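Enquirer: Chain residues, written in single-letter form:
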Amino acid sequence: MDAKLKETILNPIFKGNPVTVLVLGICSSLAVTVELKGAFVMALSVIAVTGLSSFVASILRNTIPNRVRIIIQLVIVALMVILVDQLLKAYAYSIDKQLSVYIGLIITNCIVMGRIEAFALGNKPVPSLLDGIANGAGYGLILIVVAFFRELFGSGTLFGFHIIPQAAYDLGYMNNGLVILPPMALILIGVIIWIQRSIDKDLQEK
Amino acid sequence: MNTNSNAYTVIYSTIIVVVVAAVLAFVATALKPMQTANEKAETISQILTAAQFGEKASWTDNNATIAFYKENIEKAYTVDLEGNEVKDLDIADAEVYSTSDLKAQNYAIRDGAGAKLPVYVFKNGVKVIPVYGAGLWGPVWGYIAVGSEGNIAGAYFDHASETPGLGGKIKDDPSFRAQFIGKKFDFSDEKPFAIVKGGAPAGKDNAIDAITGATMTSNGVDAAINTWAKAYEKVLSAEISVEQTEVSADEAEVNVEE
Chain A
-11 MDAKLKETIL NPIFKGNPVT VLVLGICSSL AVTVELKGAF VMALSVIAVT
39 GLSSFVASIL RNTIPNRVRI IIQLVIVALM VILVDQLLKA YAYSIDKQLS
89 VYIGLIITNC IVMGRIEAFA LGNKPVPSLL DGIANGAGYG LILIVVAFFR
139 ELFGSGTLFG FHIIPQAAYD LGYMNNGLVI LPPMALILIG VIIWIQRSID
189 KDLQEK
Chain B
528 MNTNSNAYTV IYSTIIVVVV AAVLAFVATA LKPMQTANEK AETISQILTA
578 AQFGEKASWT DNNATIAFYK ENIEKAYTVD LEGNEVKDLD IADAEVYSTS
628 DLKAQNYAIR DGAGAKLPVY VFKNGVKVIP VYGAGLWGPV WGYIAVGSEG
678 NIAGAYFDHA SETPGLGGKI KDDPSFRAQF IGKKFDFSDE KPFAIVKGGA
728 PAGKDNAIDA ITGATMTSNG VDAAINTWAK AYEKVLSAEI SVEQTEVSAD
778 EAEVNVEE
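One line per chain: the protein sequences are A and B, in this order. Under this note's numbering, the first sequence has 122 at position 134, and the numbering climbs by one with no breaks. When you read off a place in the second sequence, starting at 1, and then add 527, the result is the number in this note's numbering.
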């Protein structure tokens, strides 16, 4: 049981990473990775939403009518997302403003629904909670790595602090405008997938 | 129990929806006062930032922001489109127009009637006026501070959903709002203020450079400023000292052609 639980937690971080292996949640990882701060809060919000939705769905799993289960899952996810949004508006207003529409877009993040459908409906609440949190964390990890490179090379800052010295700009260094745009995020994710597959040969398709 | 029967499905769905709705209604009601307070403090801090009282980060919490506002506000009132004072805003209560109030006033300006536009006068001698309009994806709004000699003392802009890193720069890039400082509204011009792609023409002190890659947002801010500046013309021109301009570029060109 312990080994299985460990697998549940560790698998989504690397070998079964929702972004780089399952290729889910790409849309939002292109959108919110311009700055580390936004990526960080988005990661925490998704962790909270995936964890809690999987937990609640797992508690209800034996009562949910099979024919309407997707809609029920959607209602649960939407509930969690709106709760997160309302709490951020009340307790972390500036961050909520920064994330603006992306919080609402968590509802459409395939990872949340995907984990409920694939895991929570067939497992007990506690493993489901852990699975949700771990998948959120796997997603968040990629988000933060991508945001690190995009903020550093696109804006010359990390968490809003200037990292690249003014002297470099004086010598003719310029922030790369392409890195700010979503296509570069997709390229970065592609590079991460490439690196990951060259490290782990099991992930390579024959 | 047969969880696949029609009756079960309908009853189950109904219960879930009612329970979820109840939870959301409860949470929304419980958090509403806090959210409204946050929005109000945010509005005030934007007005203060436009009036050059330091960047937003200087106020640690909502109460500090509101206290700072009360300390530094001289007078707050609303005007109609003719520039006549309509009524005073309650300073003790730090009464300000929220974004949704500005939206309503934007309609009033468009209809040309019934507008009650707020003016915030600070002890450092600047008047702050709001602007509101449509950006690319949603509303954009901002505050412009006009000093005693009609010069723009500062500005602050915000948006609901412009693209981060592009249109979002109206808020996130301090160098955009810094361009406003030292500029002027010129009501003799076709547009009192212009945001120009490629930079303001030399010698023009009522224009600034647009944001690269965010033409639609820049145009939206331009339109918002001009619509509202015209509505405030009487208030603003009361303070703007008219300066004689030298031979304009157009006239010079005509001379060459002759």
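Some hints here could point you the wrong way.
[What the hints assert, rightly or not] Only part of the chain A face toward chain B is listed, based on derived beta-carbon distances under 10 Å:
no., residue
1, Ala19
2, Thr51
3, Arg55
4, Ile60
5, Val63
6, Ile70
7, Lys77
8, Tyr79
9, Tyr81
10, Ser82
11, Gly110
12, Asn111
13, Gly142
14, Leu146
Hint data in this document are derived by calculation from the structure and do not stem from the laboratory. Remember, predicted model here, so these are calculated numbers, not experimental data. Glycine residues also receive a C-beta, built at the ideal position from the N, C-alpha and C atoms.
Enquirer: If a hint holds in the structure, say so; if it does not, say that too.
Expert: Tested hints:
Against a cut-off of 10 Å between C-beta atoms, the interface hint on Ala19/A holds, since the closest Cβ of chain B lies about 8 Å away. A hinted interface residue such as Thr51/A counts as satisfied when its beta carbon comes closer than 10 Å to some beta carbon of chain B; here the least separation is about 7 Å, so the hint holds. The beta carbon of Arg55/A comes within 6 Å of a beta carbon in chain B, closer than 10 Å, and the hint placing it at the interface holds. Satisfaction of the interface hint for Ile60/A is found here, the shortest Cβ-Cβ separation to chain B being roughly 6 Å, below the 10 Å cut-off.
With a least beta-carbon distance of about 6 Å to chain B, the hint placing Val63/A at the interface is held under the 10 Å criterion. Proximity of Ile70/A to chain B holds as hinted, the smallest CB-CB distance being about 6 Å (cut-off 10 Å). Proximity of Lys77/A to chain B holds as hinted, the smallest CB-CB distance being about 5 Å (cut-off 10 Å). The beta carbon of Tyr79/A comes within 8 Å of a beta carbon in chain B, closer than 10 Å, and the hint placing it at the interface holds.
Interface hint at Tyr81/A: satisfied, since its Cβ lies 4 Å from the closest Cβ of chain B, which is below the 10 Å cut-off. Satisfaction of the interface hint for Ser82/A is found here, the shortest Cβ-Cβ separation to chain B being roughly 8 Å, below the 10 Å cut-off. A distance limit of 10 Å between C-beta atoms decides the matter here; for Gly110/A the minimum to chain B is near 15 Å, and the interface restraint is violated. Interface hint at Asn111/A: violated, since its Cβ lies 18 Å from the closest Cβ of chain B, which is beyond the 10 Å cut-off.
With a cut of 10 Å, the hint placing Gly142/A at the interface with chain B holds, because the nearest CB-to-CB distance is about 7 Å. At its closest, the beta carbon of Leu146/A sits 15 Å from a beta carbon of chain B; the interface hint therefore is violated under the 10 Å criterion.
When held up to the earlier numbered hints, the structure conflicts with 11, 12 and 14 and fits the remainder.
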